[in-house]
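**Student:** Chains H and E supply the protein sequences, listed in that same order.
The letter at position 114 of the first sequence is residue 114 when you use our numbering, and the numbering goes up by one with no holes.
The letter at position 177 of the second sequence is residue 177 when you use our numbering, and the numbering goes up by one with no holes.
Calculated directly from the structure, the hints in this document are not laboratory data.
Bear in mind that the values here come from a model prediction, so they are computed numbers and not experimental data.
Don't take each hint at face value.
Taking lysine-lysine pairs in the DSS-like style, the calculated list, with each CA pair at most 27 Å apart, reads [to be verified]:
no.	chain 1	residue 1	chain 2	residue 2
1	H	LYS4	E	LYS4
2	E	LYS232	H	LYS4
3	E	LYS281	H	LYS3
4	E	LYS281	E	LYS373
5	H	LYS3	E	LYS4
Okay, the calculated beta carbon distance ranges per label pair [claimed, not checked]:
no.	chain 1	residue 1	chain 2	residue 2	range
6	E	THR144	H	MET44	48 to 58 Å
7	E	LYS3	H	MET200	42 to 52 Å
8	H	THR213	E	ASP250	25 to 35 Å
9	E	GLN48	H	GLU394	26 to 36 Å
10	E	ALA189	H	ASP255	19 to 29 Å
11	H	GLU394	E	SER275	31 to 41 Å
12	E	LYS281	H	MET44	26 to 36 Å
13	H	ASP227	E	GLY147	38 to 48 Å
14	H	GLU193	E	THR144	50 to 60 Å
15	E	PRO311	H	MET44	25 to 35 Å
In silico negatives: residues of chain H with every beta carbon more than 12 Å from chain E [unchecked claim]:
no.	residue
16	MET68
17	ASN75
18	ARG96
19	MET200
20	ASP203
Ideal Cβ positions, reconstructed from N, Cα and C, are used throughout, including at glycine.
2 protein chains.
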Amino acid sequence: MSKKRDIAIIGIGMTKFGELFNQSYDDLVRDAATLAIKDAGIAMEDIQAAWLSTAFPEIGVFKGRSGMDLCEPLNLYDIPVTRVSNFCASGADAIRNAANALAAGECDVAMALGVEKLRDRTPQDSIVKMMVELTHPFYQKGFTAAGTFAVYANRIMHEYGVTKEDIANISVKNHYHGTLNDKAHHRIACTLEQVLASPMVADPLTVMDSCPTTDGAACVIMLRAEDVNKTKHRPVYIDGIGLSIATGWDLPFFDTKHDFLSFKATQNAAKMAYSQAGITKPIDEIDLVEVHDCFSIVELLTYEDLGLCKPGEAKDMIRGKATQLGGQIPVNVSGGLLSCGHPVGATGVRMVVEVASHLRGDAGERQVIGAKKGITHNIGGPGAIASVIVLNIEN
Amino acid sequence: MSKKRDIAIIGIGMTKFGELFNQSYDDLVRDAATLAIKDAGIAMEDIQAAWLSTAFPEIGVFKGRSGMDLCEPLNLYDIPVTRVSNFCASGADAIRNAANALAAGECDVAMALGVEKLRDRTPQDSIVKMMVELTHPFYQKGFTAAGTFAVYANRIMHEYGVTKEDIANISVKNHYHGTLNDKAHHRIACTLEQVLASPMVADPLTVMDSCPTTDGAACVIMLRAEDVNKTKHRPVYIDGIGLSIATGWDLPFFDTKHDFLSFKATQNAAKMAYSQAGITKPIDEIDLVEVHDCFSIVELLTYEDLGLCKPGEAKDMIRGKATQLGGQIPVNVSGGLLSCGHPVGATGVRMVVEVASHLRGDAGERQVIGAKKGITHNIGGPGAIASVIVLNIEN
Numbered sequence: 001m002s003k004k005r006d007i008a009i010i011g012i013g014m015t016k017f018g019e020l021f022n023q024s025y026d027d028l029v030r031d032a033a034t035l036a037i038k039d040a041g042i043a044m045e046d047i048q049a050a051w052l053s054t055a056f057p058e059i060g061v062f063k064g065r066s067g068m069d070l071c072e073p074l075n076l077y078d079i080p081v082t083r084v085s086n087f088c089a090s091g092a093d094a095i096r097n098a099a100n101a102l103a104a105g106e107c108d109v110a111m112a113l114g115v116e117k118l119r120d121r122t123p124q125d126s127i128v129k130m131m132v133e134l135t136h137p138f139y140q141k142g143f144t145a146a147g148t149f150a151v152y153a154n155r156i157m158h159e160y161g162v163t164k165e166d167i168a169n170i171s172v173k174n175h176y177h178g179t180l181n182d183k184a185h186h187r188i189a190c191t192l193e194q195v196l197a198s199p200m201v202a203d204p205l206t207v208m209d210s211c212p213t214t215d216g217a218a219c220v221i222m223l224r225a226e227d228v229n230k231t232k233h234r235p236v237y238i239d240g241i242g243l244s245i246a247t248g249w250d251l252p253f254f255d256t257k258h259d260f261l262s263f264k265a266t267q268n269a270a271k272m273a274y275s276q277a278g279i280t281k282p283i284d285e286i287d288l289v290e291v292h293d294c295f296s297i298v299e300l301l302t303y304e305d306l307g308l309c310k311p312g313e314a315k316d317m318i319r320g321k322a323t324q325l326g327g328q329i330p331v332n333v334s335g336g337l338l339s340c341g342h343p344v345g346a347t348g349v350r351m352v353v354e355v356a357s358h359l360r361g362d363a364g365e366r367q368v369i370g371a372k373k374g375i376t377h378n379i380g381g382p383g384a385i386a387s388v389i390v391l392n393i394e395n
Numbered sequence: 001m002s003k004k005r006d007i008a009i010i011g012i013g014m015t016k017f018g019e020l021f022n023q024s025y026d027d028l029v030r031d032a033a034t035l036a037i038k039d040a041g042i043a044m045e046d047i048q049a050a051w052l053s054t055a056f057p058e059i060g061v062f063k064g065r066s067g068m069d070l071c072e073p074l075n076l077y078d079i080p081v082t083r084v085s086n087f088c089a090s091g092a093d094a095i096r097n098a099a100n101a102l103a104a105g106e107c108d109v110a111m112a113l114g115v116e117k118l119r120d121r122t123p124q125d126s127i128v129k130m131m132v133e134l135t136h137p138f139y140q141k142g143f144t145a146a147g148t149f150a151v152y153a154n155r156i157m158h159e160y161g162v163t164k165e166d167i168a169n170i171s172v173k174n175h176y177h178g179t180l181n182d183k184a185h186h187r188i189a190c191t192l193e194q195v196l197a198s199p200m201v202a203d204p205l206t207v208m209d210s211c212p213t214t215d216g217a218a219c220v221i222m223l224r225a226e227d228v229n230k231t232k233h234r235p236v237y238i239d240g241i242g243l244s245i246a247t248g249w250d251l252p253f254f255d256t257k258h259d260f261l262s263f264k265a266t267q268n269a270a271k272m273a274y275s276q277a278g279i280t281k282p283i284d285e286i287d288l289v290e291v292h293d294c295f296s297i298v299e300l301l302t303y304e305d306l307g308l309c310k311p312g313e314a315k316d317m318i319r320g321k322a323t324q325l326g327g328q329i330p331v332n333v334s335g336g337l338l339s340c341g342h343p344v345g346a347t348g349v350r351m352v353v354e355v356a357s358h359l360r361g362d363a364g365e366r367q368v369i370g371a372k373k374g375i376t377h378n379i380g381g382p383g384a385i386a387s388v389i390v391l392n393i394e395n
């Protein structure tokens with residue numbers, strides 16, 4: 001597919017992200033959807049189809065295994081609702097399948113909603129341990145998310161002269177951005193020294209290089225671009241959506257040609273999305289970016305995989321503050337996953353809400369002035385599945 | 001959406017359904033996909049996008065939580081793969097989202113694959129108990145699947161003069177059909193007396209009114225109808241796909257107007273699919289049907305919900321053998337879920353494979369002679385989510 005997506009987002013909404021012990025899964029669905037519906041200026045019964053993204057029912061509150069868990073809190077029945085899950089790309093994939101349904105003419109008004117409640121554990125605390133034991137030998141070999149991404153961190157330090165400080169400065173930047181976002185889980189600025197001195201998780205990644213475990217929900221309302229009523233709506237357009245699965249669990253570790261300096265999944269997803277959106281020089285055409293900084297190193301690697309700079313030059317972007325608010329191409333002005341936290345099924349949708357709010361000029365004190373085009377990026381699996389969405393205030 | 005879907009199925013494949021202890025989840029994916037690819041006369045690398053349906057990773061082998069679990073066994077990378085789950089309608093929903101992507105032009109060749117491995121339990125046998133405890137108060141009130149559908153059975157017996165024998169004769173019919181299907185889990189004919197005398201599960205439903213727990217996988221390869229090369233392919237066309245969620249977990253039991261004689265989800269899904277396919281008199285236009293006989297009573301109710309007869313007349317269809325092989329409108333000539341078993345994520349795709357094989361004239365000794373149009377039906381949740389797909393040998 002190389003044609004433009006031609007989909008409009010006419011409503012956005014999200015809950016606060018954080019430790020939301022006083023709100024159930026259903027509460028989060030209702031709050032995010034109600035805000036998006038209100039923002040769109042439509043009624044709940046105008047929704048003709050919906051896609052629900054929850055990645056991990058089994059390690060949270062056992063909700064989100066079917067579309068029913070969207071219908072029930074919204075009292076929204078007699079329509080098709082699909083639950084999608086694709087690890088960290090789940091939210092973007094809900095948006096992608098909704099966009100396909102709109103383009104196919106299956107529906108005229110679609111909802112994509114991501115929600116995850118990870119802080120409430122089930123009575124059996126052993127469920128996480130059980131999941132880790134059962135899910136795949138991958139974990140049994142020590143390849144946790146942090147462990148995997150640490151291998152990449154060590155390689156990029158060795159090959160490209162990246163320093164621990166460069167990686168930690170991603171965390172400093174995003175925590176500063178997070179202080180400007182009242183929906184973020186953590187709103188605490190930190191210093192380089194604090195990041196480096198925080199407890200080690202997987203060398204060189206410390207606790208402060210790692211995103212927190214978080215509850216939250218986000219929602220978007222979508223139309224075909226041709227159906228936008230410009231006197232009524234404040235549309236943001238989706239020009240491109242890319243998704244790619246590039247490896248299995250073990251593949252990178254058994255592929256003797258893999259250099260551990262890039263994620264092919266991100267490169268593939270960007271290529272797919274850019275091709276649809278007609279983007280050829282991302283650094284010149286894109287005004288802001290939300291990337292999947294589950295660990296600070298992932299943001300650094302992603303500058304290169306998204307084509308924002310050449311291989312080996314990501315360190316110069318962070319050293320030159322190009323990706324800080326006010327810089328050439330601000331990245332994660334929301335605070336990123338490092339500040340917002342990572343309710344897995346919600347994160348991809350949260351990023352689209354963030355970028356859309358900038359394109360509409362609604363982002364308050366963290367507004368990227370004059371932003372017209374932005375992208376969102378997710379990667380999970382870890383490193384296997386990636387998504388890229390291109391948003392544009394113009395059609 | 002009221003226009004025809006205009007999607008073609010050019011390849012079908014499925015594994016044997018049963019207790020497949022000697023085959024892993026990956027083996028099942030590989031076997032079903034390889035058969036479908038071979039049937040389509042294409043290569044694995046021709047697949048441009050895929051949808052994976054697995055409903056219950058957490059009660060089986062913890063696989064199918066993302067698209068990666070399709071990519072890895074097929075060595076099929078660098079494409080988008082979405083995992084969908086929607087309880088018993090999961091397989092149909094994978095086909096639906098693939099059809100949307102084709103119609104949207106996102107891809108030109110799509111795979112929809114359903115797989116479930118339920119017989120291998122995890123080391124902790126308590127996982128099922130845990131799920132039952134955790135998933136919803138619904139189960140804590142005794143509303144298991146059998147318990148819920150038994151309420152419907154009692155109501156239809158009371159209101160419409162349906163007898164226990166009518167319900168049991170569904171099981172007799174489908175077990176007979178199952179003897180003709182070498183892919184079925186159970187291939188044992190049974191008598192009315194055997195069904196009635198088998199152990200009671202939830203009065204009036206006995207063990208032989210209930211489908212077994214089963215492993216299996218099924219796969220279809222899809223194109224836009226306009227892309228079919230008739231000298232190369234043996235296409236079956238998808239004219240309509242309906243999906244609807246009509247209730248929540250508790251809703252039917254708190255809705256004082258609900259009569260427990262029909263499933264609104266099925267009625268909605270049929271209306272959506274028939275509208276797309278231009279079907280106005282299903283009994284005259286449809287030649288064979290695969291319905292979701294997880295319990296025999298569900299097939300009986302579904303005759304009415306699909307519009308094959310008027311309310312109260314389903315018993316006449318079974319008494320007159322209209323739905324037996326050779327009758328006016330054969331239902332579940334595969335043996336249904338009662339014989340094939342119910343690997344949940346695979347069942348919807350298995351039904352499409354079954355109907356397509358009849359439309360192509362490939363169904364061997366259970367062939368419905370001259371079949372040109374057929375439908376598949378799923379319902380789960382239980383009773384909340386339904387899907388209907390209309391297949392046609394002509395375009």
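**Student:** State for each hint whether it applies.
**Tutor:** Consistency of the hints with the structure:
1. H:LYS4 / E:LYS4: Since the Cα atoms of LYS4 (chain H) and LYS4 (chain E) sit roughly 24 Å apart, the hinted pair holds (cutoff 27 Å).
2. E:LYS232 / H:LYS4: The given pair, whose Cα atoms are some 31 Å apart, is violated under the 27 Å limit.
3. E:LYS281 / H:LYS3: violated, 39 Å
4. E:LYS281 / E:LYS373: Status holds; Cα separation ~13 Å.
5. H:LYS3 / E:LYS4: Roughly 23 Å separates the two Cα atoms, so the pair holds.
6. E:THR144 / H:MET44: 48 to 58 Å: The hint (48 to 58 Å, Cβ to Cβ) is violated, given that THR144 (chain E) and MET44 (chain H) are roughly 31 Å apart.
7. E:LYS3 / H:MET200: 42 to 52 Å: violated, 59 Å
8. H:THR213 / E:ASP250: 25 to 35 Å: holds, 30 Å
9. E:GLN48 / H:GLU394: 26 to 36 Å: holds, 29 Å
10. E:ALA189 / H:ASP255: 19 to 29 Å: violated, 52 Å
11. H:GLU394 / E:SER275: 31 to 41 Å: Holds, since GLU394 (chain H) and SER275 (chain E) (Cβ atoms, about 36 Å apart) stay within the stated range.
12. E:LYS281 / H:MET44: 26 to 36 Å: holds, 35 Å
13. H:ASP227 / E:GLY147: 38 to 48 Å: holds, 45 Å
14. H:GLU193 / E:THR144: 50 to 60 Å: holds, 58 Å
15. E:PRO311 / H:MET44: 25 to 35 Å: For PRO311 (chain E) and MET44 (chain H) the Cβ distance comes to about 31 Å; the hint holds.
16. MET68: violated, 5 Å
17. ASN75: violated, 8 Å
18. ARG96: Incorrect as stated: the minimum Cβ-Cβ distance to chain E is 7 Å, not above 12 Å.
19. MET200: With a cut-off of 12 Å, MET200 (chain H) remains clear of chain E, as the shortest Cβ separation is near 29 Å.
20. ASP203: The claim stands: ASP203 (chain H) keeps its Cβ more than 12 Å from every Cβ of chain E (closest is about 27 Å).
Hints 2, 3, 6, 7, 10, 16, 17, 18 from the earlier list are contradicted by this structure; the remaining hints agree with it.
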